[in-house]
Amino acid sequence: MKEILADLNTWRAEGRQVALARVVNVEGSGPRDPGAAMAVSDNGDVIGSVSGGCVEGAVVAEALDILETGERRMVSFGYSDDEAFAVGLTCGGTIHLFIEPLDW
Amino acid sequence: MSELYDRLREAIVDERPVALATVIEGHNAGAKLVVEPDGDILGTLGHPELDRIVSRDAVGELAAGRTGVRHYGAEGQARETDVSVFIESFSPPPIMLVFGAVDFTAALARAGKLLGFNVIVADARSVFATVKRFPMADRVMVAWPDEVFDHYGDRLGPHDAVCILTHDPKFDVPAVQRAVATDVGYIGVMGSRRTHATRLERLHEVGVDQKGIDRLMAPIGLDIGSRTPEETAISVCAEIIANRTGHVAPSLRDSEGPIHRQPAEG
Numbered sequence: 001m002k003e004i005l006a007d008l009n010t011w012r013a014e015g016r017q018v019a020l021a022r023v024v025n026v027e028g029s030g031p032r033d034p035g036a037a038m039a040v041s042d043n044g045d046v047i048g049s050v051s052g053g054c055v056e057g058a059v060v061a062e063a064l065d066i067l068e069t070g071e072r073r074m075v076s077f078g079y080s081d082d083e084a085f086a087v088g089l090t091c092g093g094t095i096h097l098f099i100e101p102l103d104w
Numbered sequence: 001m002s003e004l005y006d007r008l009r010e011a012i013v014d015e016r017p018v019a020l021a022t023v024i025e026g027h028n029a030g031a032k033l034v035v036e037p038d039g040d041i042l043g044t045l046g047h048p049e050l051d052r053i054v055s056r057d058a059v060g061e062l063a064a065g066r067t068g069v070r071h072y073g074a075e076g077q078a079r080e081t082d083v084s085v086f087i088e089s090f091s092p093p094p095i096m097l098v099f100g101a102v103d104f105t106a107a108l109a110r111a112g113k114l115l116g117f118n119v120i121v122a123d124a125r126s127v128f129a130t131v132k133r134f135p136m137a138d139r140v141m142v143a144w145p146d147e148v149f150d151h152y153g154d155r156l157g158p159h160d161a162v163c164i165l166t167h168d169p170k171f172d173v174p175a176v177q178r179a180v181a182t183d184v185g186y187i188g189v190m191g192s193r194r195t196h197a198t199r200l201e202r203l204h205e206v207g208v209d210q211k212g213i214d215r216l217m218a219p220i221g222l223d224i225g226s227r228t229p230e231e232t233a234i235s236v237c238a239e240i241i242a243n244r245t246g247h248v249a250p251s252l253r254d255s256e257g258p259i260h261r262q263p264a265e266g
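In the order they appear, the protein sequences are chains W and Z.
For the first sequence, this note's numbering assigns the number 104 to the last residue and increments by one with no breaks.
For the second sequence, this note's numbering assigns the number 266 to the last residue and increments by one with no breaks.
Isolated chain Z, as found in the complex:
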């Protein structure tokens, strides 16, 4: 009886993408189809042709990460509304790669977890990149950026984020180089405006083009006057959200002057 539920649950727990299609109105309300990205299905909505059409649509919705209601004829016909099907996409959690095991990293990793990210902290220095310092991270890697991107690069997409907090050219230049070669939705790079100006020169030298440079949110975060690691983590996460939703929020990248202004009197 619980075969559908179990299949769905296993995919979600294993962090594999899966869609659940449920007839919510029309004949067979409650009938279900569990759809995997390769088109594999379990269950039926009551008619093989309807199953075929809905599973095809569900694969598309899953790829786009969309959840919503679609209407069909009883046998899957388009432009008919006999049957309403709720297609729910379950995507694995988005990835947040954090480079640099620094003071700000722990706070950002915590905030990333709060937003549901699968948080990976990476630093080449084994003394700093420890699980003990970052127990909230899903994974702590003692690794250079190349190794991290070899592992995660192909999996990065519009909902994922790369945050480069090292502000050491040894790490952040290769990290940016590899990040701009992925489809990742957000690339934030920490450092003062001066640090970023010299970083830009190095990035040009190693061949990062203007299109890549334009993707960088640097200095990282929104211009909300944050100072502490926790406040900075919030400003970075808020920027990630604004970036994903396309809403306008004041990024430090697009403002001028010191990042840490003196608070106004009074």
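Chain W with its partners taken away, still in its complex shape:
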């Protein structure tokens, strides 16, 4: 989250609604460690990253939904041979994200 702090401040100063997605757990091979973070603003701008680019698109969609509903939740992405996962990590690992509005 450190890396996106400066941009987060700008967004907050501009009064934007922001959703924050943080990697909280990684099983098997994963590109980023717990603590990796990305943020999505209400107009769809993105800062930071939570994977090697594999799941960012899906995270943006989740984040925008969470901004709308205000419901924070866990979201997991795994290897894409499982039908349960629309978007997958090619590295074979599973990452668990906590996504929430930055309202604290």
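If you're looking for bench data, these hints aren't it; they were derived computationally from the structure.
Using N, Cα and C, we set each Cβ at its ideal position, and we do this for glycine too.
There is no bait here: all hints are sound.
Listed next, the stretches of chain Z that the computed footprint assigns to chain W, with coverage defined by at least 3 CB atoms under 8 Å from CB atoms of chain W:
| id | region |
| --- | --- |
| 1 | 2-8 |
| 2 | 13-27 |
| 3 | 67-81 |
Based on the hints, put chain Z in the right spot on chain W.
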């Protein structure tokens, strides 16, 4: 509303260690606790006993620089899993002390910045140790090693690095002497094998013991055939990473023969 965020942000900007605990599963998902190393807290996870236990754990995680999920009972009980808490540690950037304002220093300082180090360049010669020559450094000190270690020595730990590039016994002997007296994770010393052999004699003379000598990565860097200051900086930084992670990479210290071999034909 943004009190938690502001407290967290201030600590990070001021480069003070701080932990953020967030309930990610169970009752009160999203509840937060900002925890400082002395155990000071802001916020609540929903139950005072849970706050007490989590803040205690967060102080430990922070000291170890760890980030991860822990599970508790609703009132902080161990071996229960009602509540999952993500404890994120924010540590100040690691320190890289670079001794010697030489050609290699600028490149190493740049590479150090790339890796997120707080880079301090030090040399006793005021003509060379200038901000103009090392604008990428966080701090340029005109100082002898003693003064630098008086200031930073106690703050050095396993994630920090000392790189001694002076290859002048006037500077590098006192720098090594003081470096091995700290808990710093990496000590690299530049110079040819011959330079290091004579340096070892001097270090023995001033009383650096074998345990201290064994901590030195000298000649500095990995044996990847680097020649330019930039290539050397990469080999040093790669060695720092390998050293921290405990992975095996071919250090120049553990090989033999000339550091700069002629490239193979063809």
